[in-house]
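Student: Put together the whole structure using the sequences plus the hints.
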Amino acid sequence: MVKARKNNLIVVELTEKLWIYTEITLENHAALRSGFAGYPANPRWNVTKYLAWKQGYQWREELSQGKLVVSQSNSQLIGATEIKVTSTAKFTFPQWRKKATVTQEILLSS
Numbered sequence: 021m022v023k024a025r026k027n028n029l030i031v032v033e034l035t036e037k038l039w040i041y042t043e044i045t046l047e048n049h050a051a052l053r054s055g056f057a058g059y060p061a062n063p064r065w066n067v068t069k070y071l072a073w074k075q076g077y078q079w080r081e082e083l084s085q086g087k088l089v090v091s092q093s094n095s096q097l098i099g100a101t102e103i104k105v106t107s108t109a110k111f112t113f114p115q116w117r118k119k120a121t122v123t124q125e126i127l128l129s130s
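The letter at position 105 of the sequence shown is residue 125 when you use our numbering, and the numbering goes up by one with no holes.
By construction, these hints were calculated from the structure, which means they are not laboratory data.
You may find that some hints are simply not true.
Pair ranges (Cβ atoms, derived) [what the hints assert, rightly or not]:
(1) 93 with 65: 29 to 39 Å
(2) 93 with 58: 24 to 34 Å
(3) 92 with 64: 32 to 42 Å
(4) 33 with 102: 18 to 28 Å
(5) 96 with 58: 14 to 24 Å
(6) 98 with 64: 24 to 34 Å
Predicted model only: the values in this text are computed from it and were never measured.
For each residue, glycine too, the CB sits at the ideal point set by N, CA and C.
Tutor: Here you go:
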């Protein structure tokens, strides 16, 4: 599934439920998907296919590191900084952190 958009950006379906806008040409989309899926690069590919594979691989790595996230509204792969924070709740430390702090205070007071 490929659709043209302004500024020469094309919608590429990376998986069944995940897509992204990119300038990578149609003939290199298979290599892009291959890199995103974690397959090794094909040694017979030309430079542009290899670069598309490398971009897909980078997106996969960034997704696993949390630099990219999947938008809940439209299943688009976007940067983690592009997400609007809707919750203003304070962060609470896990229970083990509180126990460690109490233990540390006891050790310091003795």
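Student: So, for every hint listed, does it hold in this structure?
Tutor: To see whether the hints hold, each was checked on the structure:
1. Our hint of 29 to 39 Å for residue 93 and residue 65 holds, since their Cβ atoms are close to 35 Å apart.
2. The given range of 24 to 34 Å is respected by residue 93 and residue 58, whose C-beta atoms sit roughly 26 Å from each other.
3. Range check, residue 92 to residue 64: about 39 Å between beta-carbon atoms, so the 32 to 42 Å window is met.
4. For the hinted restraint 18 to 28 Å between residue 33 and residue 102, the CB-CB distance of approximately 20 Å keeps it satisfied.
5. Between residue 96 and residue 58 the C-beta distance comes to about 20 Å, which sits within the given range of 14 to 24 Å.
6. With their beta carbons about 33 Å apart, residue 98 and residue 64 fall inside the hinted range of 24 to 34 Å.
In summary, this structure violates none of the numbered hints.
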